[in-house]
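A.B. asks: Going by the numbering used here, the letters in the sequence shown line up with residues 277 to 653, in that order.
Just so you know, not all the hints are guaranteed correct.
[Said to hold, decoys possible] Keeping only pairs whose Cα atoms sit at most 16 angstroms apart, straight-line, the calculated EDC-like set for lysine to aspartate or glutamate is:
id, residue 1, residue 2
1, LYS577, GLU398
2, LYS624, ASP589
3, LYS624, GLU594
4, LYS577, ASP397
5, LYS577, GLU394
6, LYS577, GLU456
7, LYS653, ASP615
8, LYS653, ASP589
9, LYS577, GLU544
10, LYS577, ASP552
11, LYS653, ASP565
Keep in mind the hints are simulated off the structure, nothing from the lab.
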Amino acid sequence: YLDNAATTYPKPQGVVRALTDAVTLYGANPGRGGYPLAEAADRRLYECRSRAAEFFGTEQPENLIFTPGCTWSINTVLLGCLRPGDHVIISDLEHNAVVRPLAALERRGISVTRAHVEEGDEYATLINFRSAIRRNTRMIFCTCASNVFGIIPPILLLGELCRRYGLLFGIDAAQAAGTEPITLGGTGAQFICAPAHKGLYGVMGAGILAMSGTSLPQPLVFGGTGTLSAQRRQPDELPDHYESGTPGMPAICALDEGIRFIERHGRERIRTHELDIAAHIHDGLLAMDGVRLYTASPRRKNHAPLVSFNIGDMTGSEGAQMLAQRGICVRGGYHCAYDAHIAMGTDKRGTVRVSPSFFTTHDDADALLRAVYECMK
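Work out the full structure, taking the sequences as your base and the hints as a guide.
C.D. replies: Next comes the structure, spelled out in structure tokens:
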């Protein structure tokens, strides 16, 4: 299994146990009852929130919002902060989780500029973003790492740029949370969006929105929160302002255990292992005639642990299907990030993407390389 940029698999055993415990030990609705089981669920939810808040560096646990997923978090930031007449700058590597909400907002009078990320040149990239700033620019929103090419934009420089110009800064940390040290204070961001089920080793169904509290977006959804039930107006208090409906406790508890797994093993150790596997794959593919690589070596500075390539004249989807027939699980196609393919010149065929996890072994990497070699015969 080498499709961990889509979702990590397998999950740590502790995550599986946390899922079971959420149903068997904390099965009541948190914040919706005064009996012991509901109170235990409420305490468990607060424990999960506090750990995630510390992990992402929010000032208060209440500034860590649980959502159904990273896409939901991103939509909350973009739709909740931008108004007609506003201008937003994004990179040309963004996922459709960013591109499509902004396309919808463009029809409502928002303007969008795509700044080119110069691979390997942080300051040229910074100049591209700075040159795009207008009088009505409200926000820069940028991926922490391209889900197709592994390029890591200069997030710290962009955070400083936003501070200097008084802009909001939002981050899509889908491919960085768990391996890169992404915190609000460290990046200068007001918003960090991340899924539970990728580098945080949780399961599908939960995401996080970490907020600094200096500029709060309008809620995306309104409804019951278990508090202030007699008033029709959405509560202003965090996290209730954003968390309408019953929280997804199994996924949230699994996320909590995923974060504990990372803390036990060490983020740097996990990152080093994944980069080592990705570099081994990159070097093996580089030695094969007929394989076209689109990513720099993962050993290079500012690179995420993934590799994109094509086999001969095949499209990315065709190459992935050939590998699937040989028992190799990888992603092929456009990876929900067509803008990134346009930027890198792969928009005609897409790519095959390989992405290891902490559980990937060198034997797994060698099995992939043998399968690619067989596909070219």
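A.B. asks: With reference to the structure, classify each hint as holding or not holding.
C.D. replies: Status of the hints after comparison with the structure:
Taken as a hint, the LYS577 and GLU398 pair is honoured in the structure, with Cα atoms around 11 angstroms apart against an allowance of 16 angstroms. The hinted pair formed by LYS624 and ASP589 meets the criterion: a straight-line CA distance of about 11 angstroms does not exceed 16 angstroms. A hinted pair counts as satisfied when its Cα atoms are at most 16 angstroms apart, and LYS624 with GLU594 qualifies at roughly 13 angstroms. Taken as a hint, the LYS577 and ASP397 pair is honoured in the structure, with Cα atoms around 10 angstroms apart against an allowance of 16 angstroms.
Of the pairs offered as hints, the one joining LYS577 and GLU394 holds, with about 13 angstroms between alpha carbons and a cut-off of 16 angstroms not exceeded. With a CA separation close to 12 angstroms, the supplied pair LYS577 and GLU456 stays within the 16 angstroms bound. Pair hint LYS653 plus ASP615 does not hold up; C-alpha atoms about 32 angstroms apart against a cutoff of 16 angstroms. As the CA atoms of LYS653 and ASP589 are separated by approximately 13 angstroms, the hinted pair is consistent with the 16 angstroms bound.
The hinted pair formed by LYS577 and GLU544 meets the criterion: a straight-line CA distance of about 14 angstroms does not exceed 16 angstroms. The hinted pair formed by LYS577 and ASP552 meets the criterion: a straight-line CA distance of about 13 angstroms does not exceed 16 angstroms. Of the supplied pair hints, the one linking LYS653 and ASP565 holds, its CA atoms being roughly 11 angstroms apart against a limit of 16 angstroms.
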